[in-house]
Amino acid sequence: MSEANYEEFERYEEESEEDLSTLPAAFSEAVIWGTDWTVETINSQLSKGNIDLNPKFQRRDAWNEVDKSRLIESLILGIPVPPIILAEKKDHKGKYIVIDGKQRLLAIRQFCANEDSGFDKLKLKRLQFLDELNGKTIEEIEGDYTFVEYKDQLENQTLRTVVIKNWPNEEFLFTVFLRLNTGSKKLSPQELRQALHPGPFLDFLDDATAGSDTFLELLKNSEPDSRMRDVELALRFYAFKFNLESNTGNLKLFLDHTCNLLNDLWDEKEGEIRENFRELERAINLCMDIFGVSAFSRFDGKKYNNRFNRPLFEVLTFYLSDKEISMEVDKNKEEFRRDFENLSTHDKEFNDSIASSTKDLSRVEYRFNKVADIIETYTGFPVIKLSKTDGQLRRVMEE
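Heads up: the sequence shown at position 199 corresponds to 199 in the working numbering, and the numbers run straight through without jumps.
Worth double-checking, as some hints may not be accurate.
[What the hints assert, rightly or not] Cβ pair distances, simulated, as ranges:
| no. | residue 1 | residue 2 | range |
| --- | --- | --- | --- |
| 1 | M397 | D91 | 41 to 47 Å |
| 2 | D347 | K220 | 38 to 44 Å |
| 3 | D120 | D144 | 19 to 25 Å |
| 4 | T158 | S387 | 55 to 61 Å |
| 5 | T35 | E142 | 24 to 30 Å |
| 6 | K303 | E140 | 52 to 58 Å |
| 7 | N54 | G271 | 24 to 30 Å |
| 8 | E65 | D289 | 34 to 40 Å |
| 9 | D120 | S44 | 16 to 22 Å |
| 10 | P198 | N64 | 26 to 32 Å |
| 11 | D91 | S44 | 21 to 27 Å |
| 12 | Y145 | R59 | 56 to 62 Å |
Keep in mind that the hints were calculated from the coordinates and are not lab data. All residues carry an ideal CB built from backbone N, CA and C; glycine is no exception.
Given only the sequences and the hints, what does the whole structure look like? Please build it.
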């Protein structure tokens, strides 16, 4: 069996502009201010913490050393680079959230940072035009009088910076963010969520997924996911575990509300939240044991497509994170896989519930309850099911 390729997730149950309620008037309320900051000014803003760029972002670095080095080379040579887009924080004038350009800012920070800054020092690598600078740090360039002009050229180079002030609401920023990231390598809105809803729960989720061998194996990564898909997946699990009843079909609001809820409940429920992450890892490992490289991908009656399906992840981790359920399913792994494949082969409504827009809560209800029906054949005890009443999902336990 070929290896799964989760570089391309299925597009089902993604956050999109459909989740937003941005009105045209919002664009006239916001103040869009364009300026040309020098690299020296940008680095000063970064070093002072005025631009929200934490050293821990390095573990989710999407650029390699060559990408970063080529950016520095472009800046030294005066080659135009895309603008940086920032949003001024509502509660801190002069402090900014990064909307677009985090990788460019991270490259500048790593090259210009002091040793005690907490940032990895960048040595230039595989430059195309300034190969005499290969292998050098900014201190080595500054310390050699034959190269010192390059440092001056870098620091004096301007970089177009767009600052959004007086933005009316989060939906407005997400609209801008999603419009900026419409290419083939779409960034995860989770990056912006981390900045807009900071708190102990999201800090924990970032740390826990980054240090999880289970998530590395799941996403076929050797390091924390640069697009924060691991954090997003874990957040979806917590949303259904802790906050299911607030799901109205608007995915963005569902996930945002879960962040705020668990940030607020952190002191009260820290132990439970941490234990739930271990249960999530156990559920993922059990699914990988049952389905191999095809875990969380759809079956078409003949084969698995080996593309990651978020709705399947939500429902399978919801149930298999329960210790009693996982123990019973673990005893019947082959049968569980067979029953899942039979369901996928013969139940068109189930396939529709995971293979098209899932914002309809009736489809969420259907896919959860069909998987619950399979599980009940092994447990010998009733399993939680969902009931959609008055436009809201509720948990029910049938006798």
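Do the hints match the structure? See the list:
1. The beta-carbon spacing between M397 and D91, approximately 43 Å, falls within the hinted interval of 41 to 47 Å.
2. In this structure the supplied range 38 to 44 Å is violated for D347 paired with K220, their Cβ-Cβ distance being about 29 Å.
3. Separation of D120 from D144 is about 22 Å and conforms to the stated range, judged on CB atoms against 19 to 25 Å.
4. In this structure the hint that T158 and S387 lie 55 to 61 Å apart at CB holds, the actual value being about 59 Å.
5. Distance hint for T35 and E142: a CB-CB separation of about 27 Å, consistent with the stated range 24 to 30 Å.
6. Range check, K303 to E140: about 54 Å between beta-carbon atoms, so the 52 to 58 Å window is met.
7. Evaluation of the 24 to 30 Å hint for N54 and G271 yields a pass: the beta carbon distance comes to about 26 Å.
8. Checking the proposed 34 to 40 Å range against E65 and D289 shows it holds: the Cβ atoms sit about 37 Å from each other.
9. In this structure the hint that D120 and S44 lie 16 to 22 Å apart at CB holds, the actual value being about 20 Å.
10. In this structure, P198 and N64 meet the distance hint of 26 to 32 Å, their C-beta atoms being roughly 28 Å apart.
11. In this structure the supplied range 21 to 27 Å holds for D91 paired with S44, their Cβ-Cβ distance being about 22 Å.
12. In this structure, Y145 and R59 break the distance hint of 56 to 62 Å, their C-beta atoms being roughly 37 Å apart.
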